[in-house]
Amino acid sequence: MSQLELRDIRKTYAGAPDETLKGININIASGEFLTLVGPSGCGKSTLMNSIAGLETITGGSILMDGKDISGMEPKDRGIAIVFQSYALYPTMSVRENIAFGLKIRRMPKEEIRQEVERVANLLQISPLLDKKPSRLSGGQQQRVAMGRALARRPKVYLFDEPLSNLDAKLRVEMRTEIKKLHQRLKTTIVYVTHDQIEAMTLADRIAVLKDGELQQLGTPKEVYDTPENLFVASFMGSPSMSFIEVTVDRSDTGLSVMVEGGDGRTLALPVPEYLENWAGRRVVLGIRPEHISQPHEQKRDNLMVAEGRFTVEVTEPTGPDVLAVIRLNDTDVQCRLDAEHPVEWGAEAELMFDMRKVVFFDPESEKRIRP
Amino acid sequence: MTDLVRTGFRFSRVAIYGVLLLACLVYLIPLIIMLITSFKTPMDIRTGNLLALPTDWTSMGWTKAWSEACTGVQCEGVKGYFWNSFKMTVPAVLISTLLGAFNGYVLSKWKFKGSDLMFGMMLFGCFVPFQVVLLPMAATLGKLGLANTTAGLVLVHVIYGVAFTTLFFRNYYVAIPDALVKAARLDGAGFFTIFFRILLPLSTPIFMVSLIWQFTQIWNDFLFGVVFASGDSQPITVALSNLVNTTTGVKEYNVDMAAAMIAALPTLVVYIVAGKYFIRGLTAGSVKG
Chain A
1 MSQLELRDIR KTYAGAPDET LKGININIAS GEFLTLVGPS GCGKSTLMNS
51 IAGLETITGG SILMDGKDIS GMEPKDRGIA IVFQSYALYP TMSVRENIAF
101 GLKIRRMPKE EIRQEVERVA NLLQISPLLD KKPSRLSGGQ QQRVAMGRAL
151 ARRPKVYLFD EPLSNLDAKL RVEMRTEIKK LHQRLKTTIV YVTHDQIEAM
201 TLADRIAVLK DGELQQLGTP KEVYDTPENL FVASFMGSPS MSFIEVTVDR
251 SDTGLSVMVE GGDGRTLALP VPEYLENWAG RRVVLGIRPE HISQPHEQKR
301 DNLMVAEGRF TVEVTEPTGP DVLAVIRLND TDVQCRLDAE HPVEWGAEAE
351 LMFDMRKVVF FDPESEKRIR P
Chain B
372 MTDLVRTGFR FSRVAIYGVL LLACLVYLIP LIIMLITSFK TPMDIRTGNL
422 LALPTDWTSM GWTKAWSEAC TGVQCEGVKG YFWNSFKMTV PAVLISTLLG
472 AFNGYVLSKW KFKGSDLMFG MMLFGCFVPF QVVLLPMAAT LGKLGLANTT
522 AGLVLVHVIY GVAFTTLFFR NYYVAIPDAL VKAARLDGAG FFTIFFRILL
572 PLSTPIFMVS LIWQFTQIWN DFLFGVVFAS GDSQPITVAL SNLVNTTTGV
622 KEYNVDMAAA MIAALPTLVV YIVAGKYFIR GLTAGSVKG
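Protein sequence lines, in the order shown, are assigned to chains A and B. Per the numbering used here, the first sequence starts with residue 1, numbered consecutively. Per the numbering used here, the second sequence starts with residue 372, numbered consecutively.
In short, the hints are calculated from the structure, not lab data. Check before you lean on any hint, since a few could be wrong.
To be verified - Cβ-to-Cβ under 7 angstroms is the rule here; a few derived chain B residues that face chain A:
| no. | residue |
| --- | --- |
| 1 | P548 |
| 2 | A550 |
| 3 | K553 |
| 4 | A554 |
Claimed, not checked - With a straight-line cut-off of 27 angstroms between C-alpha atoms, the simulated DSS-like cross-links for lysine-lysine are:
| no. | chain 1 | residue 1 | chain 2 | residue 2 |
| --- | --- | --- | --- | --- |
| 5 | B | K484 | A | K22 |
| 6 | A | K179 | A | K169 |
| 7 | A | K367 | A | K210 |
| 8 | A | K357 | A | K299 |
| 9 | A | K186 | A | K155 |
| 10 | B | K482 | A | K75 |
| 11 | B | K484 | A | K75 |
| 12 | A | K131 | B | K647 |
| 13 | A | K67 | A | K186 |
| 14 | A | K75 | B | K480 |
| 15 | A | K103 | B | K480 |
| 16 | A | K186 | A | K75 |
| 17 | A | K103 | A | K75 |
| 18 | A | K103 | A | K132 |
| 19 | B | K480 | A | K132 |
| 20 | A | K22 | A | K221 |
| 21 | A | K186 | A | K169 |
| 22 | A | K22 | A | K75 |
| 23 | A | K109 | A | K75 |
| 24 | B | K450 | B | K622 |
| 25 | A | K169 | A | K180 |
| 26 | B | K647 | A | K132 |
| 27 | A | K179 | A | K155 |
| 28 | A | K109 | A | K155 |
| 29 | A | K22 | B | K482 |
| 30 | B | K458 | B | K647 |
| 31 | A | K67 | A | K155 |
Every residue, glycine too, gets a C-beta built ideally from N, C-alpha and C.
Sequences and hints are given; from them, build the entire structure.
This is the structure we're talking about:
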């Protein structure tokens, strides 16, 4: 259980024209579960390798419990990684895999035996101890990889997309497993993923990375509800937020924006007062699918709610609800509709826009317009 | 209709096996002739058919080739040279294979600035013909005091073999995931521990490839043997040539054939013992996670 501080981490690969990491600052509290999320090539794996010491950084410092570890050898940092490919030693049995790091650290035999047993019980892999990794299923290999990391009792755990190689069902199971493990052991975990659902469900805080720059650092709720910029807004959430270019109008009743449906019908949507300075200018309206639904009686009185009829272009039933696509200002917009009141493809539907959680972005800087 | 298809099918099968059998036979005939001739008496060879089986089976040719035949002025058979070849081949094969494994490990898992260029230049060594290095190598061996010794031959073969073995091992190790090395580093393993404990145990198939390749190359080499060794340190390939070219009276083909068989036997045995790994090693290489 240790606190980890990344201070202005910079990394440029030899011969590369651009920096891969452009000054990353993250403070990870002791026992915190932080996920690093971003598209491939955003630098998240480089950042993780840098923390572990497998790559040298070209600038900044890494502090663990206040002590600078950026010059240390990987083995002396007290960090363990669970790799995407598991990276189990193929010629060794599960027992030997878990014990390898302990043997190298010259732990007495009896203590190694006890430690392997403890870890095996914790992860319920005791029956597998004498098997070779190639005889195990993907999920079992994943457990063994976690066991190998746990056995050394490191101060910080790094997970490098550990669930990407598993099938969908197992992935959800292991996700829960990892969360349980974290709650039980209260260890500091940095978890790299490109799967935003994993990021949302597991993390205490999420760090969103793009092109080697930290886009936003916050709790899953903060990142989901108040994304700092267009990239974060589009990356987090599935299906993702829809973006509509609109002009802010002022009228007697307050500020509003006009949207035009695919059939030419228009609807004025109320917008919050903090857009006062943007009256007459264009902004990007970001709206999540769940904010457009069939009309709810109890919401009708709210001033920030509007209703209109629109043609549904595509419907995608997911089970609990139906995702429908409508066109607003020449953009496809996703809506989440109730599966109990089916909407026909090509038909018109009465839709309610809940504008309370809608966000707005500056089309120039792509940053969110703050209240 | 079905009958027609079936006959057609049967005919094509027969044709395929027929052609294969013929190819086999063509390929095996020289070996068969060598083998049966080595068991014939000189009389039998002169009067009989080349392909006919011996009228009297005799191992006289073999014993003579092994311990009595003349290779130049000495008449002690190929026995001593056979062991010379072993003394040269075994160390040369082992040293070049281990060096290649080590080079391959460094060039694939511990890349440094210019390591790819270095690998490219080592590959170049695979294409340098033997003849090109004869003179400079002779001068080098002379300066090192290794001229006309088995140790000198071992050195030459190691240098020549390292280019190939490095290529084998480097390409094999490239396919092994880097995460394995990273995991071992985090576990606290150092440069040598990772090599001996993680990578080398994974290398059996490519080790076999390298062993067979190097053994065949070095055992069968004639040019280096004839140039860099003389008298007592000559390998069997050179002795075989001397034996065949030393004639006193009638040419004893049975002895020649037996000597040739003796010279070829070790490579055959190595191939039979490790052959299945050879095919596997050439096709495999990846370690699945």
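To see whether the hints hold, each was checked on the structure:
no.	hint	in the structure
1	P548	holds (5 angstroms)
2	A550	holds (4 angstroms)
3	K553	holds (5 angstroms)
4	A554	holds (4 angstroms)
5	B:K484 with A:K22	holds (24 angstroms)
6	A:K179 with A:K169	holds (16 angstroms)
7	A:K367 with A:K210	holds (14 angstroms)
8	A:K357 with A:K299	holds (14 angstroms)
9	A:K186 with A:K155	holds (11 angstroms)
10	B:K482 with A:K75	holds (20 angstroms)
11	B:K484 with A:K75	holds (24 angstroms)
12	A:K131 with B:K647	holds (26 angstroms)
13	A:K67 with A:K186	holds (21 angstroms)
14	A:K75 with B:K480	holds (18 angstroms)
15	A:K103 with B:K480	holds (23 angstroms)
16	A:K186 with A:K75	holds (22 angstroms)
17	A:K103 with A:K75	holds (13 angstroms)
18	A:K103 with A:K132	holds (18 angstroms)
19	B:K480 with A:K132	holds (24 angstroms)
20	A:K22 with A:K221	holds (26 angstroms)
21	A:K186 with A:K169	holds (26 angstroms)
22	A:K22 with A:K75	holds (26 angstroms)
23	A:K109 with A:K75	holds (20 angstroms)
24	B:K450 with B:K622	holds (20 angstroms)
25	A:K169 with A:K180	holds (17 angstroms)
26	B:K647 with A:K132	holds (23 angstroms)
27	A:K179 with A:K155	holds (17 angstroms)
28	A:K109 with A:K155	holds (23 angstroms)
29	A:K22 with B:K482	holds (25 angstroms)
30	B:K458 with B:K647	holds (26 angstroms)
31	A:K67 with A:K155	holds (13 angstroms)
This entry satisfies every hint, going by the numbered hints stated previously.
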